[in-house]
Every structure is written in structure tokens, then in C-alpha cells.
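Novice: Residues per chain, in single letters:
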Amino acid sequence: MKLAGLKSIDDAHDESVWAITWVPATEARPALLLTGSLDETVRLWQPDELVNRGKMTGHCLGVASVAAHPLGFIAASASLDSFVRIFDVDSNTTIASFEAPPSEVWQLRFNPQGTMLAAAGGGSASVKVWDTSTWNLVATLSIPRPEGTKPADKSSSKKFVLSVAWSPDGRRIACGSMDGTVSVFDTDRGKFLHHLEGHCMPVRSLVFSPVEPRLLFTGSDDQHVHMYDAEGKTQVGSMSGHNGWVLSVDASTDGAALATGSSDRTVKLWDIGMKAAVQTMSNHNDQVWGVAFRPGGMPGRLASVSDDKSISLYDYS
Amino acid sequence: MPHSEEQDKECELRRLEESIQDRPDDPSLRFELGVLLWEQDEKEKAAEQFVVAAKLNPEIEKGGAFRYLGLYYAGLESQSHAQRALKCLQKAVSLNPDDSVSGEALCDLLDQQGIETLEVAACREASQKSPRAFWAFQRLGYLQLHQNKCSEAVHSLQHAIRGYPTSPVLWEALGLAYQRLGRFTAALKSYGRAIELEGTRIFALIESGNIYLMLGSYKKGVEAFQQALEFSPKSVSAHYGLSSGLLGLAKECINLGAFRWGATVLEEASKVAWTSTHLAGNMSSIWKLHGDILLTYAKCYPWMEEDRGLEFDVGAFNNSILSWKHTCCVAAKTARCSYQRALHLAPWQANAYSDIAVTSNFIYSLDNSSGHDSSSWQPSEKMALGALLLEGDNSEFWVGLGCLSNHNALKQHALIRGLQLNVSLAVAWAFLGKLYRKQGEKQFARQAFDCARSIDPSLALPWAGMSADSHSRESAVDEAYESCLRAVQIFPLAEFQIGLAKLALVSGHLSSSQVFGAIKQAMQRAPHYPECHNLNGLVSEAQSNYQSAAVSYRLARCAITNLSGSDTKSQMKDITVNLARALCKAGNALDALQECELLKKEGLLDAESSQIYAFSLWQLGQTDLALTVARNLAECVSAMEQASAAAAVILFSRFLYYISGLDSTINNILQMPKQRFQSSKFSLIVSAIHALDQRNRLKPVGSSIRNNLKTPEEITEMFFLLALGTLVKHGSEYRLGYQKGIDHIRKSLHMYPNSSLLRNLLGYLLLSSEEWKNTHMATRCCSIGTDPIKGGFKMAYEILGAGAVACYAVGNSNPKFSYPTCSYQCLNEPQTIQHLQKCLRQEPWNQNVRYLLVLNLVQKAREERFPRHLCIILRRLIIVALSDELYHKPGIAFRYMKFQLLLCASEICLHDGYLIDCINHANDASMIRLPDAYLFFAHLLLCRAYASEGDAVNLNREYIRCLELSTDYNIGWLCLKFIESHYELKTGLDTLELSFKECSKEMMNSSNMWMALFNLVQGLMSLSSQDTSSAEGFLSQACSLAGAESTLLLCHGATCMELSRLGYDSQFLSLAVRSLTKAQEASLIPLPIVSALLAQAEGSLGSREKWETNLHLEWPTWPPEMRPAELFFQMHLLAKQSKASTDTSSIEFCQSPQGWVLRAIHTNPSCMRYWKALQKLVE
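Heads up: the protein sequence lines correspond to chains U and D, in order.
The working numbering applies: residue 1 is where the first sequence begins, and numbers increase by one.
The working numbering applies: residue 1 is where the second sequence begins, and numbers increase by one.
Honestly, the hints are just simulated from the structure, not real lab data.
Careful, some of the hints might be misleading.
[Unchecked claim] Covered by chain U, according to a simulated footprint, are these stretches of chain D (three or more residues, beta-carbon under 8 Å): (1) 247–257; (2) 515–523; (3) 707–720; (4) 861–874.
Note that the structure is predicted; figures quoted are calculated from it, not measured.
Note that CB positions come from ideal geometry on N, CA and C, so glycine has one too.
Based on the provided sequences and hints, a complete structural model is requested.
Specialist: Encoded structure:
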């Protein structure tokens, strides 16, 4: 497997680009890239030439997360003040917007079935789930307080939830916290199942393998990428090679490769079978906040965004 | 319809019969009639017609007559008819080789008679005759496949598929042909096509499953078998395939270390295998598979760590271990039973013996409780011998015996025998190495391991062996760690993993995530080993997870009691020390103390545990006892090694400082021998104490300290402490000596320009000094990199955020809101909000960043005149920030932050018109326990709120309260002064002015500036009370105090012009010119109005040229959307005046004077002057 650079846009945004996701193709158009930035805008790009297809405003602080519905018609974006906007990708009309208390919405993810939207609930130590037909909050999955701590000293036991991921069958949610623990929830029953331990610093990104619902990949500030058996709460692998925080991970559709973006300014491609990095891209000159594989068929595409305001697109084969 | 159809056929029949009677020799008519009759199932009559037709013309319809005849005879079922049928069909085929019906019938007939060679010949002939004889290719392909001529079969089948591309059978056959040829991917594709065409092709499903298993893609294989089982739930081969696929999958999981996952898969596998034993209980291979599955299960079943929380229960722990062992044992025993059944069914299979041998050995290792007599043969050895008796030349059986035997001589013999049979058997070399190591022959061991490793580098044991070996040589710990890591990565065996953790402890890799994962996995497979729990505790401790570390140590202690051994006592002591340390670090001093006392009782208190003992005593408030313990420890320092000696001395010194105070600590340090200062850590402690000491008593030891610090980090830390010392030593009672500190730190920074520690301290000191221009320097001296936020005294982002808020100058560069007049060019301020957001993106949980962001946003809102959207965000941000429990913590810093947030909220409410909220917030703020100087501002805000409400009584009350509280922040007094004059409050002018001067006095460099501002305020107030001449007095004073400050100069100039307009002395006009010219020069970005006024003044003085140039300067100072009507009007004057001039490039010529006036009127239609000018122009 390898990556080959296709196109890079240097000043894609006016400020650091913080979030990226692929909007799946619809009948009318191919898959598009959606990026969110500190410049308070969300922009839409058409690969492979990365033609700007639109600029969406409506946030008053930097956009920390974007997510796209699996059908490709709607997307969501969230800014640092926890303002979430749901909009139609093609017309940019707002479908819904909701406000959580600031610091209580971080990463957003639609479930693969498209019926729910989950948000890493930041300081609320929970994952919030909205129904995508009514946009009502349907569940708040809280991480239980560790035993032995008094309810009074809230702040010490609270886990700031940074990242969230759905398993491909939609039955599990995993979320990563600032203290390095990963929590797994049963979505059908809305129940906390267990923690996955092993990281000792914030887990900023995690993703389930698209082919194996038990397998979870996590990236953390401790510079490691871990593989977990999310059901059996066992760490089954650890991959190191980055010289900075691992800010973003994504798994390829075939489940064979993993891409990571790091504060060491590189994007790495990992062979999951060999548990080793096979390629390092160092075309960014600031920390890489997001990497995303294009969902669906060939040819494979990987996109990355960075604090250097640029977007890069690679061919993955 | 059917009725009429029948009638039609009847008519047709009659018509044909009639035509035959007319022309009896026409073969085609007869053939037609025959077909019609054949269709009506009157085969005999049809045959008659066909016979006649064939006689008349044998080639009719390409031998169609023969085909029907052949089919007719074939249907009659008798030997003679069969021969006739054969001939007819042969004729038909030879006439038309593409005729699949006759071809198939012919082949079927030949097949019935068992004449395969003829069949092949017939097919081949047909296929050679016509490439479209697909039936022939198909037949031929099947026959060739049957005869195992696979490559020919592939050829025929491929050709046949061209004719019948949707035949699943053909695809299946092609798949089989490929599979037999070993072309597995091609086979998979063909089978896949067959399954696609018909989902229930069991054979294709099972065979593709088998291929997947062979290729190692167990998951796909399992899916194929599962699909097969859906259609054929009793298929033995599907069951067998499914369970072996699951076994493969489980082994993959286990190799990753995912024992629980593996176990779940194996449970399913054993269920499937069990079902298949019911379906075909007499197949030994099924029993062997079942045994394999259960043995693997027994070897991977993990010990489940119950969610026991932090409570600890010895009984439950022991029970869980017992039940874990029991489960493993039961599985292994069931496996042995299954192997025995397999052996019973096929006793000639040697590997069944060795399977039983391995399982027996495993069971023995699990419950070693039952004592075995070492002299007699054990079952495992006997069974291994059994295998060897059957196949004496199988080297692997020899290795098996070598592993299972208890007798070293036999072991060695067996292994060497294995190697004689196959010298490149890596496993044998590896076990030989292990044997030699056990016997202490390290040289041999290393050679054997080397051999094994070079033959097969993917074998875990030699790597582990090498690491165990090099562990004895102290030099190569890292190397050992690496090779042990290799072993663990190849095969996650608990013993290897424990070894890895041990090596990590020695080589300092304990916090590595590989070690963490390894020890967690080891815990699942070796919960009965105390060192496993102990190492797990150490790993948790390395990750600062002290509570779970403590739990692990307790488990370790519990496991050790179940173990009988010689050196349990020293192990117990080590674990207890670990436990005490973890408890202490977790903040559980009471329990730590108990553990230490336990050690003390047994007389096992060593240097480390004494430290913990002293520390926990101190934490529990038993200071005297703590001090005694620490002193005792410090006294026996000479007997300790250097590191722990330094630690002891440091501990003692710190206790002394905390408990007995500065003086006794200094005395103690002065008495210490010089070599103590060799420890850099201790040196830093001494420096810290020195920094606190006003009397410089530690000066004599200072030089020896400085020589001991080597690394740049230590030296910068030392400079840091020295700078802090300067602050303390040069400060007064209320105020630290900031200026001296700044000077000192500047010098140090000159030496270490990269040290962020020093940089941030400098920034902090500059900010704290509250001097006029230092805020700009503060933000400039701190660099915010893209690196993750690093620790230190004050972070760079804090300095930046606070500096941006503290700057009194307007940082906004957008002229829509205001004009930057700051002469220090603090250009990075607009970036601050972005920087803070970046910090927040990195550390979203950081309340400090949030707080600074709020303050900066409030500042931005102020500059932009409180735009609506910003106010909305701010209100939300502040409300949430206030609800944070952080601000309920004790400590003045938190109270101050809460106070500031409340004030921000209040101010925003004030501007949004929510006066009640505003007053409430401000009242809340005024209740917070803070120094009066801060509370002043809460009341100031209340003054503003009541003023805008028009509540004079309350306003007056708050005003008085402000005067009472008083503040040492000049800006507060200035604001109060404004309020006082604006609302004509009872004058407390004297007190106010006095207090203002009082608090300006403390400032050295900026007191002039503040006085200038005070004069400005007074001037502005005089202006508003129409007292222009005294205003001029104040303003000219302000200008002389402040130097070149463009805004003040502008004010003064404008006032002077006003005076001259009012008919005062004409000298004011020249004063105005002077001030305005200065203002023009001083401002960084050209200020509007200045040039216009200057032009007017110059014009009044009679200089038309200067009037023109200045008016020219005025135009570009205005942003396009804000140009006032007067500007257009002035431009009209300019255009009118310079009509004659040839220079047409100037701006005024872009429009006619009339155009300019029109624009002016358009902007402000209410001014009569413009209309008049227009009238004049039109006339």
C-alpha cells in the first residue's frame, strides 16, 4: 500500500484548518471534502482538483469538528462555543441548530446507519446522541464516576471527552477522554460497558475498523496509536513512530491501512497487519489536525488538513 | 384461448395431412407433420413420419429427423432400440455438431452403457467440428475433470462457458479445475461466480471456504461456511470447515493478545465442532479438531479482572483465580478426551499420541497439586514415546519428547536426535538452548539460540532466550529489552511479557505503551504470579495511576501468600514498600502509614520506606515525628548510595523549612559538609531557600552550588530562582522589586535566549510591573509556538492573553470601529483571540484559556461597540464558565477570576439593556471576598447601571461607596471622575484627585501619563460644561505631560480652534496649528479630522497652499464607508479652488464640484450650507 500526493491547496482557509470529513457521493455529484477552520467557516471542496464548492458561515468561533451524514445530503459542524449547525450540503440551508453549554460539544459523528448523531460531550463527561429525524437529544451516555471519589469534588473525577466513534454495525460507541481512557457504550441499551486502558494522555481521535466491529484504533498525545479489542477490553497492539501528539486517525475502507495525523507535522500510513508505518508524508509544515479516507470504492483517497491552513489530497492504493 | 389454440393445431394437422396426400414425396412436409405430432405426444406416429422424411432426404433440417428418431428410440428402453438410438443420434450429431439435444442424448446413452472413451471421442469430434458445439465442450470439460486432466478441463470449460455463461454448474466445475491446479484466486473467482448465479451452490461455498482457510483469510472462510450451513444445516464438511475457520480466527486473535476475543470465538467453534461430532462421530479428524479447539481455549482463556473498584477482597481474588484455573483445566481435560476418541478411531495416527502427550503435560502444569513420582514414567512421556514408536523418523516427535520429558538427559538426547534427523529444526535448537540455560551452560545456550534465530527469526523463544541471557550482562539491558519485545510481539506468552516488564523496569521503559499492553495481557494468563501483579502496579505507577497501582500491589501480596517459596519474605517487603509508595502518591497517607508501620514492626524499614514513612507522617500532621524520622534518615546518609542520600537530605531540608521555618533550615544547611551540594537537586533547593532569605545568609555556599549545575535546564532554573530572589530582596513590604527582577532576568535571558521558563517569567514580571509600555513588551517577549503547551511558572499563552487584555490601547485594526493610536505598535493583539482559540483547541479542558478567551472577547466587544452576535456568545460563555465548579474553590486567584467574569457579564448586560441582570451580576461581584481595590470596580459598574436607570439615590450611594473603598488603579478613579461630573454628583473632587495622585505616585515611568489623562478628563469635562478656556488649560497641560500623544494633541488643537472661533486671542490659532501638526506627525496611522482641522487653521491664517495640502491629506484617512458629508463638501471647495491647476491626478478631480456637493447632500441632506452651495454652483 502506498500514498501518492495528488493535490495540495496552500491557503485553503484564512486560518488553521481543524476538521475534515468526506461527504459521500450522491447521484448528482461525486464525494466532496468538508473542512472546518479557526477562521469560523466551513468549506466544501471537490476532488481531485480541490475546487472550492462553497463557503459556509454561521459560527462565531473556530470550527472544531465537522461530520457528514452517510447518505451525503446533510452535514454537521460544531464550533468552540459548542454551537452545532446541521445543514444541507448542496444548498447550505440550515436544517437545525442547537447549542450545548460551551465546552460540551467536541467531535461529531453520524452513525453508519444515519439515524443518530453523536457528539463527544467535552466537559460533561458524556456522549450526547441526537435523533437525525427530529433533531431531539435522545440519549446522554455518561461515563460513570470512578468509585471511591467523593461526589463533591467533581472536577477531579470528570473526564473531558474529546473524541467519539461508532462501530460499523452501529451497536457500540467508543469515546476518548483527556486522561487517556477510552469508554465503550452499548447504544441499543444506552449503557456504559467498560473502559479501555493503556493511554496516559488525551485520546483525541479514535475509529473502529470498517471490516471488524470489535477492532478499535485510538490515537493519543502519548504519541502512540493503539489497537483494542473493544469487546474484550484488551489492548492488542501498539504502534509508535510519531514524534508528537497523534491528533487524528482514520482507517481505510478495506480495513488494511490506518492513517494518522500528528503534531509532528506528518501524516503516516500504517499497515495494520504488520503493525508498522509504511509511509510518512511530510508535506505539511504545521501540525496535522485531521486525516480522512474517502468512504466507498476505489480509487482510494486520503485527505489531510493542518494548522498551516492547507488541505492535501493523496491517492491511496 | 387454449381452446382455440388446440383448434388451430387441429386445423394445421389436417392441412398438413391433406398436403401430404397431394405430395407424398415432400420430405419437409412429412418432417413438419412429425414435429407437430411429436409435440402432441403421439410419438409413434411422429416416428413414422420422421423415418419417411429421413429416407427421402437424410439431411433434412440438418439431421433433425435423426434427432427425433434417436430420442424416440432412446425412450423405448431396450438394448436393440438403444443401438438404433445411438446410430440415429450419431448421425444427427455428425450432420449438426451444434445440436446440443442430440449431443446430450448421445452422451447420456453412452454414459449409461459405460463407454467413456467413446463419449470423450464423440465430444471431441463435435468440438473439433464446430466451435459452437458448446454442449460438447461442456461434456468434455466434465469428463476431463473427472479423469483429473485439469488443465485440459480448464480449457474446455472456459470454452463451454462462452456458450452458457449463466450456468452455475460450469462455473463450479471450472472452479474445481482451478483449485486442483492450485490456482486458488482464480478458483475463488469461479466459485464466486457460481454462487452469484445460484446462492445455494453448497459445493462452491464449501470449497471456496476451504480455499479461504488455506489462504489464511479465516473471516471470509467462516462467512462462506456459515452461508453453506444455512442451506444445508447437516453438512459435515461445512461444520468442519466452519469450526476450523473459527479456530484459525481465534488463533489470530490470540497471537495479537486478544485472549478474550479469542475465547469467545473458540466457544462458538467448540459448539460447532460438537454439533459435527454428532453428525459424524466416527471421524477421527473431527474429534481431533474438537480437541484442538478446546486445548487452544484452555491455553487462552483469560482471567477476568472483576470490576472490583478500589475495594479489595482477598477471598474473591482467590476464588476468581481458582475458578479461572478450573475452567482452563476442564477445557484441557475435555480436549484430552476428544483426542483419545480420535486415537481410538484411528490408532495408527502417530500425531494423536503426541496431541494427548501435550495435553496431559498442560493439565499437569495446571494442577501441579497432585504430587508425581519423578522416577516413574508420566502419561505425557509415555504418549510421546507412543508417537515415536509409530514414526521413529519424525523429528518433530523427538522434539515433542524433548519438551515433555522431565529428565534432562532424555531431553537432551531427544532434542539432539531430532536435530540429527533435521538439522534446520529451529524449535529444537531453541529448546536445546533453553535446556542448556537451565543447566547453566550459557555459552552453549547462546550458540543454540543463535542457531535457532538464524534459521527462523519468526520464532519467539530464541528472542526471549537471548534477552534472558543478555540480562545477566548489565551492559546490554536495552538490547535485552529490544529482543524480549520482539519475542512478545511474535507470541504473547505471559512469561515473556513478565520478562519484558522486568527488563523495562531496569532499562527505564516502564511507561512505554508496549509494556503496558504486555503486562495487562500477562495478567490475564498468569494471575497467580505475584510478580505479574507487582509489575502491573509498577507500570500503573509509571503512568501516574497510583490508585490502581495500589490495588495491583495488594493483589500481588495476596498472590504471594498462596505461593510457597523460599524468598517470599524479601519479595513481600518489596511489594509492601511499593504499596506504601503508591498509597502515598495517591494521597492516602493513612494507609501508607499503616504499611510503613507494619514494615517497621518487622524491622524492614530501609531508606526508601523511611522516606515514605516520614512523608506520610508529615501529611497526617504528625510533624514532630516526621521530622525525627527524616533527621534519623539524614544522619545515616553516609552509609547510603549517592542518589538516595541526596533524596534523604532534600527531604530533611524541606521538612525543616516547612516545620521549623527559614532560619533553622539555613542554619542546618550552613552546617552541612560541602560534598552534599554535589547533587544538583539539592543545590536547587538551597537556591530556592536562598531566594527567600532577605539577609543573604547562604551567600557563602552559593559559589559551590553554581559549580555543580551542569545541564542548561538546571542552570536556567537556577537563574529563575535568582530572579525570584531579586524580587524578594529588592521589594518593599507591599510591592516586589519588579524593576530589579526584570533587569536581572533580562541578563539571564541574554545567556539562554531559548529558555521558555525565563521568557515567560520575564513576561509575567513585565505584566505585573503595571508600567505603561511593559504590557506590549510582555506579549512580545513570549513566543507561542505550535508546540504543545508546556509547563512552567506561567504559560506563554497566559502572558499573551493577559497582556492583550491589559493593554489600554485599542488593538483593533479595523478602522470601522476605531483608529489605533498606540505608538508601541503592538500588532499581535488582534491575533490573540486566534491564539487563544488554538490553545483551547489543544486543551479544551483548560479553564484558564477559556477565561482569558472570555476576557479578550469582552475587550473585542468593547472595541467593536458591543455587536450583537459577540454579546450572545459572551453571555453563554460566561454563564457556563460561572457554573464551573473551579470558581468555587478556595483561593484568591479563583475568586478574582469569578469576580472578573461577573463584571464582564454585568457590563454586557448593561450594554444590552438588561439592567436588572446587570445590577444583579455587579452586586454578586461586590459580595466576593476580595481586596477593596478590586471591589471598587464592582461598585463603579453599579454606578453606571444606576446612572443609566436614572436612579439618583442609589447612584449617589454607590458613588460614596466607591470613594470609601478607594482603589490603587488609576483607571478606576478616572472613570469615577467621569461619572461624578456627568451626573453632577455631590462633589468629592478633592478626595478623588488626591487619591488619584496618591496611586500614581507608585508608578515611576507612567505617572506623567496618568496625570496627563487626568487632565484630559478634566478638560473634556470643562468642554462639556461650555468652559472652553479652562478646558484649553487642562489640555495643554496634558499635552506637555504626555509628550507626543496624537489623541491629546488633537483634542488640544480642536479646543484651541474653538476658542479662536469664539473670538479669543488669535494666538490660539497658531497654538492649534502647532498641536495639530504634532498630532499629524505622531500618529502611526493617519487620524481623520486632524488634517481637516489643520487645513482650516492654516486657511484662517491665510496660507492657501497649506490649506490645500492638508485637505488632500484628509481624504485618505477615512475608510470609504464612513466618509462624512463635510468631507465631500470640503473636497468640493478644493475642487473649486484648484480648477485652474494642471495637476489632474488629485482626488478632487474625479468629480466636478457640483458632484461633490451632491454627494455631501446625499450623505446629510439636512445641512442648509450644502444646499446653498449647490444653489450657487447651479447659478
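Novice: Per the coverage rule (Cβ-Cβ under 8 Å, at least three residues), is the segment 515–523 of chain D covered by chain U?
Specialist: holds (count 4)
Novice: Quick check: the segment 707–720 of chain D, covered by chain U? Criterion 3+ residues, Cβ under 8 Å.
Specialist: violated (count 0)
Novice: Are there at least three residues in the segment 247–257 of chain D whose beta carbon sits under 8 Å from a beta carbon of chain U?
Specialist: holds (count 3)
Novice: Mind taking a look at whether chain U covers the segment 861–874 of chain D? Criterion is 3 or more residues with CB to CB distance under 8 Å.
Specialist: holds (count 4)
Checked against the numbered hints given earlier, this structure breaks only hint 3.
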